[in-house]
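Given the coordinates of chain A, assemble chain B onto it according to the supplied hints.
The listed protein sequences correspond, in order, to chains A and B.
Whatever position you read off the first sequence (first residue = 1), add 2 for my numbering.
Whatever position you read off the second sequence (first residue = 1), add 1 for my numbering.
Careful: at least some of the hints might be erroneous.
Stated by the list, open to error - Dumping the calculated DSBU-like pairs for lysine-lysine here, alpha-carbon to alpha-carbon at most 35 Å:
1. B:Lys215 <-> B:Lys180
2. B:Lys31 <-> B:Lys60
3. B:Lys60 <-> A:Lys40
4. B:Lys215 <-> B:Lys103
5. B:Lys60 <-> B:Lys103
6. B:Lys244 <-> A:Lys40
Everything labelled a hint here was simulated from the structure, so no lab data went into it.
Just so you know, these numbers come straight off a predicted model, no measurement behind them.
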Amino acid sequence: MLTTGVRSESNIEVHKYYSGAVILVAFLALVLQAFLHKYGRWSELLDLPLLVTIYFGVSRRNPVTGLLLGGVIGIIQDALSHGNPIGLYGIAKTLVGYLASSIGARFDTENPASRVILIFAFFHFHQIVYALTERVLLNRPESFFTLRLLLDSVVTALFGVLLFALLDRLRRPR
Amino acid sequence: MLEIYSRHRPLALLAGAVLLQVLLLAFQVKREHNVRLIRVWAAELVTPVERAGTWTISKIGGVWTGYIALHGARTENARLRAENDVLRLRNQQLESEAGEAKRLNALLNFREAHTEAAMVAAQVIGASADPASHTLFINRGERDHVRRNMAVITPQGIVGKIVEVLPNNTSQVLLINDKDSGVGALFAATRTHGILKGTGDPDPILDYVVNDEKVQPGDFLTTSGEDRIFPKGLLIGSVSYAKQGNPFQVIHVQPAVRLDRLEDVLILVTQQELTPKKVEESADSSGADSESSDIVQSVAPPAPPAPQTKPAAKTPSPAKRPAQTAEPAAPADAPSTQ
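If we strip away everything but chain A, and leave its shape as in the complex, we get:
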């Protein structure tokens, strides 16, 4: 849980991953997100690229890599979508990556409960940024919050806990 306390800079534990793991996981998340879409609309409940952005952001605890990873993932997600100008997801995920890295450097994000809350919060933050960008820059009426988005955020958060536990295994032992 987030209430485990703010940690000092000296307590920050930066996790290292096997070489290529971050790129591979990000790539697989993008592929799966696009791939699963053709097997049913249930895949729309999940935002795998967002989960990967959050995970590596809070784990690496480096805002620069976090925002870059989020930006690249978002831009590719935009590129793979139809009708979205490139930059919509890019901006949202850039900010998510940066914030996740910043938060990961200050809070304990290893606890499953804190992960659920973190993912839930980042999901809605991502949506707010996305909707704001759409409204301001593209003049499109995108919702900030709906019941469907609430369901999506809950499902993504619950699935994210499992995914994060799986991705923890990719960490290089100290």
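For chain B alone, coordinates are given in the frame of chain A:
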């Protein structure tokens, strides 16, 4: 300055990345550019993996549906075979019922066409155990007012007569091809009389026809009414074979009714002569029209005598059909079913 930048480098990078993307968005929106290059790169990056994934899933699905999911196929096959057997049996039953309905329809049409004569419909329930005896058992007896020497017919022609009325509401019918049977007969065309006798063979013979009479295969025979069993004018059959004999011609008659395949018959409870009537039009449109054809023969004018009597031939001559009255009873149709 440099110190401030390095201290806030991540924030500066964030601002730069976001600004860059905002500019990119603005560029796309204002100029309506699609930045196709980025999309192409992204697609080329992802689609090979997606293609491989689709291929793998289709193969796994193929293995699943082709092998693993077939573990129940044997059971299902056995079940379907059993179901097929049941359905085939049911189909046979339905066909049998349809045939029965057709026969009963023919009987009904015949009865409706001859309301002046009282008739009782009966089902054949058995035959004689003696191969030399051509008799049948029917499911009508005393309670249905069936008596001895009543005529048994079908819409196609005469069958025989009641020889025994049993107490258990059953009667025995002596067929016209039994060696003890005798029916007064006459040629429909020439009105020549004779006696139809059973021989024990499938085809009865017509006796007492003098050699001078011209008889040809295909000539139709009707009842003469002289036996006081069969009313006059009922179709018996047609000549299948005729030759000169001593002292009378040897004439074999093919009964109009398939006596070995009888299932439903009519019992004439009176000896009243049946007047020829055309069967209802409704029956004509169905397949039962030939079966429901009126067997009653009209009194036809004698045909002009042929110049010579030809030797008997097996092939019936269609030209020698019985002559019709103004209200034809369509007897010519009846033998065509035989």
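Against the structure, the hints come out as follows:
A threshold of 35 Å between alpha carbons decides the hint, and for Lys215 (chain B) with Lys180 (chain B) the separation of about 26 Å falls inside it, so the pair holds. A hinted pair counts as satisfied when its Cα atoms are at most 35 Å apart, and Lys31 (chain B) with Lys60 (chain B) does not qualify at roughly 46 Å. A C-alpha spacing of about 17 Å is found between Lys60 (chain B) and Lys40 (chain A), which places the hinted pair at or below 35 Å, so the restraint holds. With a CA separation close to 38 Å, the supplied pair Lys215 (chain B) and Lys103 (chain B) exceeds the 35 Å bound.
The hinted pair formed by Lys60 (chain B) and Lys103 (chain B) fails the criterion: a straight-line CA distance of about 56 Å is larger than 35 Å. This hinted pair does not check out: Lys244 (chain B) and Lys40 (chain A) have alpha carbons roughly 89 Å apart, beyond 35 Å.
The structure fails to meet hints 2, 4, 5, 6 from the earlier list, while all remaining hints are met.
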